[in-house]
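The task is simple: from the sequences and hints, build the whole structure.
Protein chains: 2
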Amino acid sequence: MSQNQALEKFLDLFEKRSLAHLATVMPDGSPQVTPVWVDYDGQHILINTARGRQKDRNMIRNPAVAMSIVDPDDPYRYVQIRGRVVEAVETGADLHIDKLTFKYTGRASYDWRSTGEVRVIYKIEPLHVSD
Amino acid sequence: MSQNQALEKFLDLFEKRSLAHLATVMPDGSPQVTPVWVDYDGQHILINTARGRQKDRNMIRNPAVAMSIVDPDDPYRYVQIRGRVVEAVETGADLHIDKLTFKYTGRASYDWRSTGEVRVIYKIEPLHVSD
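Keeping their order, the protein sequence lines are chains Y and D. Mapping to this note's numbering: the first sequence position 44 is 45, numbers consecutive. Mapping to this note's numbering: the second sequence position 129 is 130, numbers consecutive.
No lab work stands behind these hints: they were computed from the structure. Certain hints may be false.
Repeated chains share a single entry, so a pair holds when one copy, or any two copies, can fit it.
[Unchecked claim] Below, a list of computed lysine to aspartate or glutamate pairs in the EDC-like style, where the Cα atoms sit at most 20 angstroms apart:
id, residue 1, residue 2
1, K17, D74
2, K17, E88
3, K56, D132
Below, the structure written as structure tokens:
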């Protein structure tokens with residue numbers, strides 16, 4: 002079974018306002034975890050962040066990432082994913098953060114952008130999915 | 002300001018049924034994240050797990066860990082902690098998992114123990130606390 006097939010029973014988590022807790026690797030090899038909005042295109046997990054943030058710097062340096070996502074309606078249902086960044090794209094990232102804003106808040110657009118902020122979508126290939 | 006002082010404004014998170022998303026490091030250096038019950042004794046973050054689980058094996062090998070904890074009452078309030086395991090103790094770990102069971106479920110004792118399961122408390126020193 003592919004890892005994408007393994008994710009199929011968790012598709013509802015990506016429709017809900019579930020937070021992913023994303024781990025990246027610091028320069029010294031230690032982990033860092035941060036709660037993030039999350040999306041899934043059927044092939045890759047998509048994380049939208051801003052250039053210059055710690056997780057952006059970590060994922061540029063080291064593509065190894067992991068996350069856990071808990072069902073907001075059931076704290077004992079969750080999925081754990083280990084994966085690797087396969088692409089980082091800025092094109093479309095502004096539109097994508099607006100889409101996530103709508104999903105997570107109901108607002109039409111992302112209003113927390115700082116001056117000069119450059120958004121980027123990290124595409125993550127799931128290598129190991131478990132519940 | 003010490004990292005314990007930095008944690009003081011998040012003490013309520015440890016009183017609530019907040020899940021910590023704990024990252025540990027796999028043998029190949031990639032991260033792993035799993036949702037866990039969490040406790041804090043004023044000095045160390047306490048994670049109670051069972052011997053032989055992936056996070057147990059990872060923390061034995063590599064003391065570098067991190068976690069994020071979201072306020073169950075406010076998804077935009079959270080704390081991120083990077084730290085290191087300073088001690089792992091089995092003495093008292095059965096009593097401690099019962100205490101956590103009561104906090105998180107209201108039940109008097111942990112009923113999901115498998116045969117021969119050995120519980121262990123990991124004591125984590127917070128090295129970097131941020132919100």
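Against the structure, the hints come out as follows:
no.: 1; hint: K17 with D74; result: both (9 angstroms within a copy, 17 angstroms between copies)
no.: 2; hint: K17 with E88; result: neither (25 angstroms within a copy, 38 angstroms between copies)
no.: 3; hint: K56 with D132; result: between (24 angstroms within a copy, 14 angstroms between copies)
The structure does not agree with numbered hint 2 stated previously, though it agrees with all others.
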